[in-house]
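*Asks:* Taking the hints into account, I'd like the entire structure generated from these sequences.
2 protein chains.
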Amino acid sequence: MKSLATYSAYLESALQQDHFPAQPANLYDPLRYFLQLGGKRMRPMLSLMACKFAGNDMEKALPVALAVEYFHNFSLIHDDIMDAAPLRRGQATVHEKWNTNIAILSGDVLLVKAYDYLASYDADTFQQLFKVFNRTAVEVCEGQQMDMDFEQLSEVSESAYLEMIRLKTSVLLGCALQMGGIVGGAVQKDAQLLYEFGEQLGLAFQIQDDILDLFGESAQVGKQIGGDVLANKKTLLSISAKRAASPEQLAALQEIENTTNPQIKVERTQKIYTELGARAYCEAQMEYHHNQALNALENIELPNSKAELIELANFLFTRAY
Amino acid sequence: MKSLATYSAYLESALQQDHFPAQPANLYDPLRYFLQLGGKRMRPMLSLMACKFAGNDMEKALPVALAVEYFHNFSLIHDDIMDAAPLRRGQATVHEKWNTNIAILSGDVLLVKAYDYLASYDADTFQQLFKVFNRTAVEVCEGQQMDMDFEQLSEVSESAYLEMIRLKTSVLLGCALQMGGIVGGAVQKDAQLLYEFGEQLGLAFQIQDDILDLFGESAQVGKQIGGDVLANKKTLLSISAKRAASPEQLAALQEIENTTNPQIKVERTQKIYTELGARAYCEAQMEYHHNQALNALENIELPNSKAELIELANFLFTRAY
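From first to last, the protein sequence lines are chains A and B. Quick note on numbering: this note's numbering labels position 224 of the first sequence as 224, and the sequence is numbered without any gaps. Convert by adding 1000 to the 1-based position in the second sequence; the result is the number in this note's numbering.
Since the hints were derived computationally from the structure, they do not count as laboratory data. C-beta atoms are modelled at their ideal positions from N, C-alpha and C, and glycine is treated no differently. Be aware that one or more of the hints could be misleading.
What the hints assert, rightly or not - Computed footprint of chain B on chain A, listed as stretches where at least three residues anywhere in the stretch have a Cβ under 8 Å from a Cβ of chain B: (1) 75-85; (2) 114-128.
Claimed, not checked - With beta-carbon atoms standing in for the labels, derived distance ranges: (3) A/Q17 <-> B/N1261: 51 to 61 Å; (4) B/G1038 <-> A/Y33: 37 to 47 Å; (5) A/D122 <-> B/L1037: 35 to 45 Å; (6) B/A1160 <-> A/L153: 43 to 53 Å.
*Replies:* This is the structure we're talking about:
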């Protein structure tokens, strides 16, 4: 996907510039480090694309794109503390490389600095962007709290799970697109449809993540297969499998959950989830939200080509990138 | 001080209202709890006073006052984690009563919600307020980082220490006053002088805090006397004492620092700091910044009475409130 590389290179060169003061080094060095770990830059790329699609130069959306990327990285730095994660993109997390206090505080200041980028637009645009951004920021926090709460629950309903991933993941994709659309000059209705495109794409993307975690090729996923199963994490797969299970199958699921050999545990889970139709159900759900995303895009009445956004939407579901 | 009680009652009734959704309870219950622990509400009160002084009703500044109070409480929740503090205003801190993850995340969402209040003004006012607020928010984080860094240093200069307390404490008082002035209709120059009034007041206030911690009456200070000394914390007292000491006195200071009996340690420190003139030096510095604050106020050309702000400035230095 050639055009994606153009956006990506532009973003990467903007992000590799040093945006932080030298001092206090313990506050800003972790941010320099973390922001340069890379990543797909999917969210800021969506802002640039939406801006261009709405009829403006992608450069117009750079501040919005950086605000979204800063926010996303703030949430990763704090989530990594909460998950006690040692690694992020194969490198030490901030709380591991420095310490928890520094990770809390540098995350805080990164969130504050995200707002600065929004304020670089004129006052009216700023207030419009701010409303989308701040509602999203609250929702992402709520989604993260729901995710932590779910760990303590024995059962989570499908609707509660979908609401959690919508808040934790999807709304920020929607926000990135809507804000890009706004600074690109899209009318309110179209900016809202861009939001829905992103929200549905995010849901499809997260469901795909659940499926790939158990059924992907290790090389394709980039991490150990079955991580969610080994951590007894609730996913759309586990929720739909449990729902479809007979009393005997429920007992079998319970037995598998207590299995200590990781390889056997993963293989047996793959088998029973497939038998129970959970894999097929999740694939259908992923397809559904993917189509919903494309429908939202279709309803936008702008004359400009949607090819790039459609290409990106399809591209996200190959996971080669 | 009667008028102070009016502001205080108005603020308290606004803060006792429930500003948060019911769910997720683990995200919002900690905020309901923490915001109702009380406190002097000094910062939001300054916003209300500045607004009234600039010629508007105090009610006009309520959103600004709440933004400042939310920001202050966000920073307290996160600072309490960093300091591993079990108590705040005599009650369990959020990370103690819930856990660290919840304290991080509920602090995050409180910061996000502070911005919402600023956005409740018209777009131009919002952008003006935002610039003051966001610069201050960055500075408070920088001050907290400097404070943590100082714990690892064997020596801290007086200028570095003053810069740390300016960032960690004073700028938010300045910000509260400047934003109150802006929504009250003060011209830029006067709003800036209100900021300086708060900044200097904050410096005087923090230096007084250092003095009271060692030389105050326990009942007046509301905590154990000599807490800073027992924690070997750097303060303006310890920095100026060290600077004034001869080699023999430096050795004596070192010996006192290694004393294990807390009562003896505190008494000997009080004695040597007084002999070295550190106490007198700090009192003079406090006086200096207090006067600088009053000078800034004097330079404001508004015809309205400054009595209330002067009264508050003097009142803060009786610590009866």
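*Asks:* All the hints need checking, so say for each whether the structure fits it.
*Replies:* Hint check:
no.	hint	in the structure
1	75-85	holds (count 3)
2	114-128	holds (count 7)
3	A/Q17 <-> B/N1261: 51 to 61 Å	holds, 55 Å
4	B/G1038 <-> A/Y33: 37 to 47 Å	holds, 40 Å
5	A/D122 <-> B/L1037: 35 to 45 Å	holds, 40 Å
6	B/A1160 <-> A/L153: 43 to 53 Å	holds, 49 Å
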